[in-house]
Amino acid sequence: MTRVFVPLLVVLTALLHLSAGGAEPGDLLAVADGRPATLDERILWELGLPRLVTAALAGAALGVAGHLLQTSLRNQLAAPELTAVNPGAVLGVLAATTFGLVSPDSALGGLGAALLGGVLGGAVTWLLSAGGGPGRAVIAGLLGSALMGGLVTLLLAYQPGRFGNVLRWLVGSVEGRVWDHLVIAVWWIPLWLCVAWAATAVTTILQGGDQHAASLGLAPRRARLAVLGIAVALIACAASLAGAIAFVGLVVPHAARRLTGGPGGHVPAAALLGAVALVGADASAQVLTRLIAGTELGHRLGLPAGVITALAGAAVLVAIVYREKNP
Amino acid sequence: MTSSLVRGHGRAVPPLHLVLPAAALVLLVLSGLCLGTPVIAPQRIPAVLSDHASLEYVVLWELRLPRLLLGLLGGAAVAVAGLLLQEALRNPLAVPELLGVSSGAAVAVAACVVWALPVSPALHPLVGLAGAAAGGALTLAAARAARTAGGVLLIGSAVTAAVQSLLFAIMATADRLQYDLLFRYLVGSLNGILWDQVSRTLPWFALAVPLVLLTLPALGLLRLGDEAATSLGVGVGTARTGVLAVAALLVGAVTGPCGPIAWVGFVAPLLARRVRPDGDARTWMLWTAVLGAVITTAADQVARLALAPVETPLGAWTVLVGVLAGAALLRGGAR
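Going down the list, the sequences are from chains A and B. So the first sequence is numbered by the numbering used here: it starts at 229 and just counts up by one. So the second sequence is numbered by the numbering used here: it starts at 657 and just counts up by one.
Treat the hints with caution; some may be incorrect.
Said to hold, decoys possible - Selected chain A positions facing chain B (in silico; Cβ < 8 Å):
#	residue
1	Ala-368
2	Ala-374
3	Leu-384
4	Leu-410
5	Val-414
6	Trp-415
7	Ala-447
As the list claims (entries may be wrong) - Covered by chain A, according to a simulated footprint, are these stretches of chain B (three or more residues, beta-carbon under 8 Å):
#	segment
8	673-682
9	930-944
Claimed, not checked - With the Cβ distance kept under 8 Å, some of the chain B side facing chain A (calculated, not the full set):
#	residue
10	Ala-828
11	Leu-850
12	Leu-927
13	Pro-969
Hints are computed from structural coordinates only; laboratory data are not their basis. Note that beta-carbon positions come from the ideal geometry of N, C-alpha and C, so glycine has one too.
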């Protein structure tokens, strides 16, 4: 049932996303050969499709990274944005572009800066939470994220004129990405998704507890570090594409684990559902932007996808907590 | 204060923990007035203030003095709001930043300013109050579902993140010329505070002081726990709502002119409890106000001078202080 339903959902959301961007079914068939002819086809090929691919890749990466964090740390509340990895990656990208170390449009430079920043943010949280329980890890993650946010505002003050360009990273948006931005992400994210899937056995053992892992001959600390490394690689690439997308990494893994039976299906389900969540959020952001486009406000405002995920994610999270209290 | 002096030391020399904050306040006031461009020597302040024609008079009277005043008052107000929240909810991590109170206020005021809504600036504290109350009420209503302190915090941060993203969406519609304003609503800043803003905010602080004093007895009772307070005949729900409303008023009044001054409401009460571990709500309130003012003005000196001539946002520095204090709290809890 789930095996048919989830891939179907992916295709449906993708079509919805493209039509929300204004594409006609005829254009879609016409660009299938990779040679756009008319203006509409060129818009679809050079803006619509890259935007869809960006949203799908970033969503899949965040969903799987959240799943890896939650299982290897044995903390239901671990998520890219609550462990300071995602804010750190955003800080890395912004620092590198502010100081002119990498060009804002360089895919490789952006990914490298995001990786460095993500490792920094994760390390801060790791140090703050060392030796504590899950409750402490949550607080440490919040503090680490606050620290990254403070550093980002200091960077903004350094060049206030760039605030408009920076906003998209702060709130998370997949708008305005073209194929040039995606040259690395199209193989980087699928590669690490496969690694994460291959590591399912390790994460499943880690989830059973450190003693359980040790008795099975797996060094728990080393294994956890490796799994966290995969998560950081995924989060950094997602952040270098789309900025600080909130809540996809927190909520999607819960849904994925609930939908699939055995642990073997968790990673693919998290990847597909993450893609669906972010593509769907961006489709509704496009529709809402078009709805307010007629008003006086609308011509200055493009609603970013990050706003939709944050609003929807907060509602879903409250619902999850409520459901767990009143089954 | 006097009684503690006599009891604690039995001699007329004031103890160190009273001298230090007083000295820090004097130093900060002097540096707030004197440092910067141009530097004005402390002994020349009276002379400069009497010479209305000079450039130094304008800098001192029109720029530095209002900024210093609002830094002191605003810092104290945010710190006291943090203490009220923590005491009313009996959770040391119940701070304005994690309860959606600060960001609610920031969104409401930012919407007024950015979209130039027809609201008089004098009423911005009221708008901020409404936003703070709405953000806090939303969080608390949602947090009722959570069982643990961690759950409450998580829901608080979720609501905060959602509200924050609304703030970003509002900012995305802003003009390039307004960006300076926007820092203010992200983390708080005292840049460009003039007598205008101070005179609009002062009445609200004046209103808040008696209200804060009124909450003191309620705080003492709420600390006993819900059952004990109920058995003493106190309406716990009403008392708690009243205290939270006063906290929202304080945050709202500060957010209008300077934005949510980040994390001062967390650090100042924390330090106040460290300084006077045996104190009651009254002593903590006083210490919290003083420490809030000290921390905020100190951070503002750094914000003004650290990367001069570039002005950095005050809140970015208070965040650093807040994270350090939080890390210390975590370490202390582990021991």
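Requested in this report: Please flag the earlier hints that this structure goes against, numbers listed from lowest up.
Outcome: Failing hints, ascending: 4, 5, 6, 7, 8, 9, 11 and 12.
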